[in-house]
Amino acid sequence: MKEQWRLLETGYGSAFTNMAIDRAVLVANSGGKVSPTVRFYGWEPSAISIGYFQSLAEEIDIDMCKKLGVDYVRRITGGGAVYHEKELTYSIVISESHRAIPKNIMKSYGKICGAVMKGLENLGIKSTYVPINDIITNGKKISGNAQTRKAKTVLQHGTVLTDVNVEKMFSLLKVPNEKIKDKLIADVKERVTSIKHVLGKEVLFEEISHAMKIGFEQEFDVELVKGTLTEEEKELTKKFEKECFSVADWNHRR
Amino acid sequence: MDKESPLMKMQSRSVYKVPKGKLLKIYLKYDEKSNLIDEINITGDFFAYPEEAIESMEDKLKDTLLEKEILFKKIDSIIRTENIQFIGVDVKGLTKGILMCKK
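Protein chains in written order, with the numbering used here: chain G, 1 to 254; chain L, 1 to 103.
Hints listed in this document are in silico derivations from the structure and should not be mistaken for laboratory results. Even glycine gets a Cβ: it sits at the ideal position worked out from N, Cα and C. A hint or two may mislead.
PhoX-like mimics (lysine-lysine), calculated; alpha carbons at most 25 Å apart, straight line [stated by the list, open to error]:
1) G/K189 x L/K29
2) L/K9 x G/K174
3) L/K20 x G/K107
4) L/K20 x G/K181
5) L/K60 x G/K150
6) G/K179 x L/K17
7) L/K29 x G/K174
8) L/K17 x G/K107
9) G/K174 x L/K96
10) G/K140 x L/K17
11) G/K189 x L/K20
12) G/K33 x G/K189
13) G/K174 x L/K60
14) L/K92 x G/K183
15) G/K183 x L/K20
16) L/K17 x G/K181
17) G/K140 x L/K20
18) G/K174 x L/K20
19) L/K20 x G/K111
20) L/K92 x G/K107
21) L/K20 x G/K103
22) L/K17 x G/K141
A short, non-exhaustive set of chain L residues, derived as facing chain G with CB atoms under 10 Å [claimed, not checked]:
23) V15
24) P19
25) L23
26) K25
27) E39
28) N41
29) I42
30) F46
31) F47
32) A48
33) Y49
34) E51
35) I54
36) E55
37) I78
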């Protein structure tokens, strides 16, 4: 019998809730209270997340975010600023010592990205992992990923772009030089793609989520069993949301 | 810079794309006579494990002389003692990014 991992399909949530759930699952798993967990989710309202080491005020046009009703949040993972709108986001939480996870961080990025690539293949999209943390198709980025390891536990989350709105993204992100903004937009359009663009049609969130579920099962040779957050995880989510991710001290700390 | 930014107090900054790595943005306050670091913020889209060690590194870099060899050795020693693993940036890149802040 295949090893069973938990599957969470938490639907669309705010930036603060989304980041709080990932952290709550990380804490619960590190305490041995829940099995390895794969989660799929979306963002409502749309939001920008920045990497742990980035400066919020330097990366994001906060006034424009407020004006357009776009949330912003600092992640506990490194990496760059991401505009989350039309995408499916995944996260995986698993013990560092699990046989499926390479000890080497770069190799573990590759392994987990392998699951996303299989998921894309299930949708008819061939892709490649490009270190450090990108997945590309036809030379263009379709997925970005970020990993942290805390309390001997791995959390990796990442995006699978379903569509891209580069103009909107650039209205929310600060650019070093306004004069070259048009060129930057043109460059990003050349370098980033989406499921919609590759397949030439819209694909439902549920369909992508299903393809990704199968992808994770194939890559890790496990069965993902639909589950829910435990009561403890729900409490932790509320706590992290209130005390961390929605708090200015956290988001503006750098 | 945004009024809410904690980096507003910094006198100098650099933006450095590490070869085959990530974009490093460093904010620095230093004594222009003695060339000693007063305060430093190392930001960017890189990865470091554990993440919180970056704050410890920033603290330990205070009073370090802005001189290539000394800075390199200091950063290397902090990485070893704090057991930090950087991805997308290395000692050489950090040293270069910091020195680029010097006016």
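Hints and how they fare:
| no. | hint | in the structure |
| --- | --- | --- |
| 1 | G/K189 x L/K29 | violated (37 Å) |
| 2 | L/K9 x G/K174 | holds (19 Å) |
| 3 | L/K20 x G/K107 | holds (17 Å) |
| 4 | L/K20 x G/K181 | holds (23 Å) |
| 5 | L/K60 x G/K150 | holds (23 Å) |
| 6 | G/K179 x L/K17 | holds (20 Å) |
| 7 | L/K29 x G/K174 | holds (23 Å) |
| 8 | L/K17 x G/K107 | holds (23 Å) |
| 9 | G/K174 x L/K96 | holds (24 Å) |
| 10 | G/K140 x L/K17 | holds (20 Å) |
| 11 | G/K189 x L/K20 | holds (21 Å) |
| 12 | G/K33 x G/K189 | violated (43 Å) |
| 13 | G/K174 x L/K60 | violated (30 Å) |
| 14 | L/K92 x G/K183 | violated (30 Å) |
| 15 | G/K183 x L/K20 | holds (22 Å) |
| 16 | L/K17 x G/K181 | holds (18 Å) |
| 17 | G/K140 x L/K20 | holds (17 Å) |
| 18 | G/K174 x L/K20 | holds (23 Å) |
| 19 | L/K20 x G/K111 | holds (21 Å) |
| 20 | L/K92 x G/K107 | holds (23 Å) |
| 21 | L/K20 x G/K103 | holds (23 Å) |
| 22 | L/K17 x G/K141 | holds (19 Å) |
| 23 | V15 | holds (7 Å) |
| 24 | P19 | violated (13 Å) |
| 25 | L23 | holds (8 Å) |
| 26 | K25 | holds (7 Å) |
| 27 | E39 | violated (13 Å) |
| 28 | N41 | holds (6 Å) |
| 29 | I42 | holds (7 Å) |
| 30 | F46 | holds (6 Å) |
| 31 | F47 | holds (4 Å) |
| 32 | A48 | holds (6 Å) |
| 33 | Y49 | holds (6 Å) |
| 34 | E51 | holds (5 Å) |
| 35 | I54 | holds (6 Å) |
| 36 | E55 | holds (9 Å) |
| 37 | I78 | violated (16 Å) |
Checked against the numbered hints above, the structure violates hints 1, 12, 13, 14, 24, 27 and 37; every other hint is satisfied.
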